[in-house]
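Student: Sequence:
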Amino acid sequence: MAHTVRIWDLPTRLFHWGLVLAIPGLVVTANIGGNAMAWHFRLGYCVLALLMFRLVWGFVGGRWSRFSAFACSPSRLLRYLRTGGTAHDSVGHSPLGALSVLALLAVLLAQVGTGLFSDDEIAFSGSLTRWVSSTVVEQATRYHADIGQYLLLGLIGLHVGAILFYVLFRRQTLVRPMIGGDKLLPVAAAPARDDAVTQAAALAVLAVCAAASWWVSGLGAP
1 MAHTVRIWDL PTRLFHWGLV LAIPGLVVTA NIGGNAMAWH FRLGYCVLAL LMFRLVWGFV
61 GGRWSRFSAF ACSPSRLLRY LRTGGTAHDS VGHSPLGALS VLALLAVLLA QVGTGLFSDD
121 EIAFSGSLTR WVSSTVVEQA TRYHADIGQY LLLGLIGLHV GAILFYVLFR RQTLVRPMIG
181 GDKLLPVAAA PARDDAVTQA AALAVLAVCA AASWWVSGLG AP
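Those letters in the sequence shown? Residues 1 to 222, per full-length UniProt numbering, in order.
FYI, nobody ran anything at the bench for these hints, they're computed from the structure. Computed from a predicted model, the values in this text were never measured in an experiment. The beta carbon of each residue, even a glycine, is placed where N, CA and C say it ideally should be. Among the clues, some could well be false.
[Said to hold, decoys possible] With beta-carbon atoms standing in for the labels, derived distance ranges:
hint, residue 1, residue 2, range
1, Gly180, Gly84, 21 to 31 Å
2, Asp195, Ala2, 16 to 26 Å
3, Ile179, Ala145, 29 to 39 Å
4, Thr86, Trp131, 43 to 53 Å
5, Arg142, Arg42, 18 to 28 Å
6, Arg130, Ser68, 31 to 41 Å
Build the full structure now, drawing on both the sequences and the hints.
Tutor: The following block contains the structure:
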């Protein structure tokens with residue numbers, strides 16, 4: 001018997017699709033350069049707000065969006081890699097999926113963080129460059145424009161590849177639940193709370209994170 005269960009709450013889904021929209025914009029504006037860099041920075045501060053929100057939501061959000069739901073022992077991960085796991089492994093993020101999400105969040109934080117300390121030596125610089133030495137700015141700029149960019153794109157490529165693998169070989173879609181929130185599961189599972197109170201709380205958290213990102217953006221002003 002199949003069970004339809006709310007797994008991804010609305011705030012988590014909006015966070016996900018916010019990144020899906022923002023990251024291509026960041027890549028395009030970085031490659032265009034020139035005046036497009038103004039939009040690169042605006043999008044960067046938007047992603048900073050989203051990441052701060054996700055860090056908070058990872059502790060207070062819906063059941064399956066919390067970092068505690070990502071916890072996975074080495075033995076469980078090995079069993080999943082060997083056998084494909086159990087039905088319970090497919091409720092939220094699978095053990096491998098959880099590691100992938102954590103890696104993406106870490107690399108995104110590093111990319112946005114180094115962007116705050118980067119300087120293109122032409123017209124644009126991160127809001128925190130004035131607070132650190134030129135050596136730190138040089139190292140942050142090198143990571144942001146080179147290592148970090150390709151590491152992030154590589155992880156995104158793996159993420160997309162995993163989605164295609166599930167569709168083609170396991171006949172499972174990971175995209176539909178991230179749109180509607182519900183998953184069709186072979187086992188019963190506790191649903192994530194996703195009511196008006198939860199969504200209002202998420203909006204309040206996002207507002208605080210957006211204000212914090214805006215404050216950071218102004219730290220570079222003389």
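Student: Tell me the numbers of any earlier hints that the structure contravenes, in ascending order.
Tutor: none
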